[in-house]
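There are 2 protein chains.
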Amino acid sequence: RYFHFCKLPGRVMGIRLLRFTSVVIIVLLLVAGALTALLPNIKDDKMPNLRREPKTQSQSTLDSFTLIMQTYNRTDLLLKLLNHYQAIPQLHKVIVVWNNIGEKIPEEMWNSLGPHPVPVVFKVQTVNRMRNRLQNFPELETKAVLMMDDDTLVSAHDLAFAFSVWQQFPEHIVGFVPRKHISTPSGVYSYGSFELQNPGFGNGDQYSMVLIGAAFFHSGYLEDFQRQPEAVHALIDETQNCDDIAMNFLVAKHTGKPSGVFVKPVDIRNLEKDTNSGYSGMWHRAEHLLQRSYCVNKLVNIYDGMPLKYSNIMISQFGFPNYANHKNKM
Amino acid sequence: RYFHFCKLPGRVMGIRLLRFTSVVIIVLLLVAGALTALLPNIKDDKMPNLRREPKTQSQSTLDSFTLIMQTYNRTDLLLKLLNHYQAIPQLHKVIVVWNNIGEKIPEEMWNSLGPHPVPVVFKVQTVNRMRNRLQNFPELETKAVLMMDDDTLVSAHDLAFAFSVWQQFPEHIVGFVPRKHISTPSGVYSYGSFELQNPGFGNGDQYSMVLIGAAFFHSGYLEDFQRQPEAVHALIDETQNCDDIAMNFLVAKHTGKPSGVFVKPVDIRNLEKDTNSGYSGMWHRAEHLLQRSYCVNKLVNIYDGMPLKYSNIMISQFGFPNYANHKNKM
Chain A
1 RYFHFCKLPG RVMGIRLLRF TSVVIIVLLL VAGALTALLP NIKDDKMPNL
51 RREPKTQSQS TLDSFTLIMQ TYNRTDLLLK LLNHYQAIPQ LHKVIVVWNN
101 IGEKIPEEMW NSLGPHPVPV VFKVQTVNRM RNRLQNFPEL ETKAVLMMDD
151 DTLVSAHDLA FAFSVWQQFP EHIVGFVPRK HISTPSGVYS YGSFELQNPG
201 FGNGDQYSMV LIGAAFFHSG YLEDFQRQPE AVHALIDETQ NCDDIAMNFL
251 VAKHTGKPSG VFVKPVDIRN LEKDTNSGYS GMWHRAEHLL QRSYCVNKLV
301 NIYDGMPLKY SNIMISQFGF PNYANHKNKM
Chain B
1 RYFHFCKLPG RVMGIRLLRF TSVVIIVLLL VAGALTALLP NIKDDKMPNL
51 RREPKTQSQS TLDSFTLIMQ TYNRTDLLLK LLNHYQAIPQ LHKVIVVWNN
101 IGEKIPEEMW NSLGPHPVPV VFKVQTVNRM RNRLQNFPEL ETKAVLMMDD
151 DTLVSAHDLA FAFSVWQQFP EHIVGFVPRK HISTPSGVYS YGSFELQNPG
201 FGNGDQYSMV LIGAAFFHSG YLEDFQRQPE AVHALIDETQ NCDDIAMNFL
251 VAKHTGKPSG VFVKPVDIRN LEKDTNSGYS GMWHRAEHLL QRSYCVNKLV
301 NIYDGMPLKY SNIMISQFGF PNYANHKNKM
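Taken in order, these protein sequences are the chains called A and B. Quick note: the first sequence uses the UniProt record's numbering, first residue 1, plus one each step. Quick note: the second sequence uses the UniProt record's numbering, first residue 1, plus one each step.
One chain only, chain A, in its complex shape (with noise of 0.2 Å):
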């Protein structure tokens, strides 16, 4: 048989059966190169990643994070600000929303700044509210959001520590500000922080919130809150306040788990007394804190119950700034 397929039609036949041949093992090289060359590196240690990327316009969306700071009458700061962040190994692109109704942004004066490590967006609002900065960014491209008030700076050590404990706890508020609530013998719950008496629970002291001024936390987290009952966006609104509380709301509520992991910072700082503006922060208001009260009562109405939870957990960066902070006593 194959004798006689090989004398019909002789010569013909078997220059084509070459070239096939000869196409098909040129393809299976290609797949082959294409394939070696997809081979992942093998790491003898999987360590995670801290080094610093390459800043290319592909920085994995997975591997970085976006900033949005909200900014309302202290550009001088937001502009201090911007050139500390803007630096952060893993940024990956800054929204800034401009809550000065009206103003223009600093467009020009930042190009002519440039160029600049990441892109840095100037959202324009048409009404100064709080919950501005919650809103769903078309331009958000990453998992992760910093967002970080106009007057706070934290160092570059924190926030590269803080996105790594983000990464292993990406459902929770990862950040450097912790607050509590706690129960009253009538019901009514009071909104606060370390000068509060601890909930009992053992030893020490539990906080139920991270807030969101100075944190990591999912970006999906902002789709929800836009989906959240609009009795949620109007004491927002009502307030000028209590965003972040909202924001606690929804994630233990989602979770089912504390919803915020602390990490204490090494390196904060709040520029408030340095801003020309005369400006200083709404927490400044003598009703700041009754008003977060009032909140955390009003969001337990709304969403009939109470899912705050309680930990205790304060996360730090062993050996850093030495490794005296955890040097063994024995």
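One should not assume that every hint holds.
Identical chains share a label here; the pair holds if one copy fits it or two copies do between them.
Computed cross-link-like contacts, EDC-like style, restricted to lysine to aspartate or glutamate with a CA-CA straight-line distance of at most 20 Å [claimed, not checked]:
1. 257 <-> 171
2. 309 <-> 63
3. 298 <-> 238
4. 309 <-> 272
5. 257 <-> 63
6. 257 <-> 267
7. 309 <-> 195
Treat the hints as calculated values from the structure; they're not laboratory data.
Based on these hints, arrange chain B on the given structure of chain A.
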């Protein structure tokens, strides 16, 4: 039809029906009563249960742990430590691994000084082996094991907190003594602590092991350990060392994550100098650290790879001993 039924066979049928109906009603009431008793207590805020449970035989084996303490030639320290550890809340039972071959256990004395808060079981060993403590003891009822060296005192506060942390990270070794391995250009590994250079991933130090001489881990790992290659057991027997390094290899391989979670102790003490036995621990031997580096490399051979992973997460208890440990410097 109904009247027809009622009439035949008349009164007898009526009484039977009445009896039957009564029985059914009573059974239903009993069932309803039982269901009510089984209803869970509705708690407003689901707090982690750090309160001390009354010590009954039925202390939940999920909410309690078993202390396993191996002892050799330091019975005075053992008894001192037992007085301390027997009173730790959430302790279920103590298992003392008696490596004093041929020597009687202090059972008479122990009983004469009863009653004791929890059962203490003395497991007499036939050979003085370091890995005796890693047997899967039948007396072990809890999911959690607390393993302590017989010269180490950790405060009740630290233990209660670390146990609560373990409950949140049950697949990890949660403990108080972090160590690391480092890679060298030659590919040979070295073992050490903070005195070794940082592994070089971002800032600060990293640890890749948590020693089991002061740590919580899942009791299932004891069974896993027994199933490890004979070469692992032989290595530990050869060195009378490294059982803890082997356990970290095991856990890291099992989870694909860093084996340990380091909880920074507030009060941990080594009582070695307090013993009257004149015996000082194995770690004083000149070759101790070199042996441990040796073990790391041997285990890499046995497991055909380095499974240990680095972590820089250091956990402390929020607001304990006091709120100053997290007070915001802003």
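Hint-by-hint comparison with the structure:
1. For the homomeric pair residue 257 and residue 171, the shortest alpha-carbon distances inside one copy (10 Å) and between copies (18 Å) are both at most 20 Å.
2. Within a single copy, residue 309 and residue 63 get their C-alpha atoms only as close as 29 Å, which misses the 20 Å cut-off; across copies the closest is 19 Å, which meets it.
3. Taking identical chains as interchangeable, the C-alpha atoms of residue 298 and residue 238 lie at most 20 Å apart only when both belong to the same chain, with a minimum of 12 Å there against 66 Å between chains.
4. Taking the closest pair of Cα atoms, residue 309 and residue 272 never come within 20 Å of each other, the shortest separation being 31 Å inside a single copy and 41 Å across copies.
5. For the homomeric pair residue 257 and residue 63, the shortest alpha-carbon distance between copies (18 Å) is at most 20 Å, but the shortest distance inside one copy (25 Å) is not.
6. Taking identical chains as interchangeable, the C-alpha atoms of residue 257 and residue 267 are never at most 20 Å apart, the minima being 28 Å within one chain and 29 Å between chains.
7. Taking CA atoms no more than 20 Å apart as the test, residue 309 paired with residue 195 passes inside one copy only; the shortest distance there is 19 Å, against 39 Å between copies.
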